[in-house]
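**Student:** Working from the sequences, and respecting the hints, build out all of it.
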Amino acid sequence: MIKVSGLRKSYGSIDALRGIDLNVRMGEFLTLFGPNGAGKTTLLKILSTIIAPTSGSVIIGGLDLKKANYEIRKNIGVISHKTFLYGDLSAMENLIFYAKMYDVPNPKARAAELIREVGLRGREDHQVRTFSRGMEQRLSIARALIHDPSIIYLDEPYSGLDQHAALMLGNLLKKLHTQTRTIIMTTHNITHGLEISDRIVIQISGKIVYEGETKDHTVKSFEKVYFEKVGKRD
Amino acid sequence: MAYFSKVLHICMKDLKVEVRSKERIYSMMVFSLLVMVIFNFAFDPGAEYIREVAPGILWVALIFSATLGLNKTFAAEIDQDCLQGLMLSPMDRTGIYFGKVISNILFSLIISLLTLPFFAVFFNIPLLDVLPQLVLVISLTIIGFISVGTLFSAISVSVKGGDMMLPLLLFPIEVPVIIAAVKATGMILDGAPMMDYSMWLKVLTLFDVIFVMIAFVTFEYLIEE
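Which chain is which? The protein sequence lines are Z and D, in order. Sequence positions in the first sequence follow this note's numbering and run 1 to 234. Sequence positions in the second sequence follow this note's numbering and run 1001 to 1225.
Please keep in mind that the hints were generated in silico from the structure rather than gathered at the bench. Some hints could be false.
Simulated pairs of lysine-lysine, BS3-like, Cα-Cα distance not exceeding 27 Å [as the list claims (entries may be wrong)]:
(1) Lys100/Z - Lys1022/D
(2) Lys108/Z - Lys1022/D
(3) Lys1016/D - Lys100/Z
Quick list of simulated restraints, FRET-style, between CB atoms [stated by the list, open to error]:
(4) Val1159/D - Gly27/Z: 40 to 46 Å
(5) Pro1193/D - Tyr11/Z: 55 to 61 Å
(6) Val219/Z - Val1159/D: 23 to 29 Å
(7) Glu211/Z - Ser1139/D: 58 to 64 Å
(8) Val1030/D - Tyr11/Z: 37 to 43 Å
(9) Met1213/D - Tyr11/Z: 52 to 58 Å
Glycine included, every Cβ here is placed at the ideal spot set by N, Cα and C.
**Tutor:** Below, the structure written as structure tokens:
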């Protein structure tokens, strides 16, 4: 589904990515761990066509990212710690706007359906600026799902959420994890990351240093691997 | 067709956000009126020379208030990374630029039309007879100013001190447009026939075309990180 080969990204003399090779199967949930500055967000931004790589190739669903980024964007949904939502618009207006941007048929009905799914019924006409962080993040999930994408990228989605909101987000992510939907998530939180993923990857200083199956790990055993790898870097 | 409808969605979204927040329109209007009031105190409205300085006064108000609006163009998009949300949409990214340009032109035209009656009253200049010609010059100037201004606003919004950087980048490039606007406005207020200032209209149109084309070609590269 997603095939990354020799991916590099440099900002002047700084190498954010130093040759990433990664394969993600269709329907797989992959969690990307790594310390700050590892290049996780840069990798997701390249995969979502926001920034162009310096070199290397990315094939998504058989399409080359460099040649068909317009087509690829139709199948991508991104959830970040920032919501991509307009505070002065209501929840419904935000979703309808994004539905129109993705040519979704019957935007109003689709927006209403997603508002129900993320548990925001009754708040659809309220301005987003009045929402709590947890509600914003749920609406952000609805925004990312508006066009029913087959690939979802989650960049630190738990950032700034309290325990209750994090639990709700975890439950929503479990629902998103279907056999036809590929998900890549970056997080610092090992418990959350292991809870829902199929495969785990550690990225440090722009390189992937570890890949493994989630079922082979407990939180403790993975913590040991993680700190060993991060420690080696230091 | 889908491209144009998305441009329209972005423009309508901007208008809706502005109707709710009134952030841009209020600051632009207040600034424009303040310029009128201050120059009204500085110059005697009945004086002979007022017709010579009036075009300059009008364009100081309109251009600087438009700059205020431009500074806020991408502010709402940066707050929650909404620009990234727009960039993820399956459309040619120049659509974001054109959506913003159209909404900015509308805001600036509204402010210009609201400023004109105050200009007429404060400086005792009858505008009714020359209103269509004046609106034509204002429209052409605003298109040229906003087309480059929106491009630079996308660059300056994520830079520290971007509010100050925008006019510094923008004004040197806009000098020909501003000169043409002031000259054409002066001639219109003097009651000159269109033939006399048609050269300035051509200059404005030429710069509009050049600026829009340059922005169209460069926008996608400029907004990419």
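**Student:** Hint by hint, say whether it matches the structure.
**Tutor:** Here is how each hint holds up against the structure:
1. Lys100/Z - Lys1022/D: 24 Å, holds
2. Lys108/Z - Lys1022/D: Judged against 27 Å, a Cα distance of about 26 Å means the pair holds.
3. Lys1016/D - Lys100/Z: 15 Å, holds
4. Val1159/D - Gly27/Z: 40 to 46 Å: 42 Å, holds
5. Pro1193/D - Tyr11/Z: 55 to 61 Å: 57 Å, holds
6. Val219/Z - Val1159/D: 23 to 29 Å: 42 Å, violated
7. Glu211/Z - Ser1139/D: 58 to 64 Å: 59 Å, holds
8. Val1030/D - Tyr11/Z: 37 to 43 Å: Between Val1030/D and Tyr11/Z, where Cβ atoms are some 40 Å apart, the hint holds.
9. Met1213/D - Tyr11/Z: 52 to 58 Å: 29 Å, violated
In summary, the numbered hints that this structure violates are 6 and 9.
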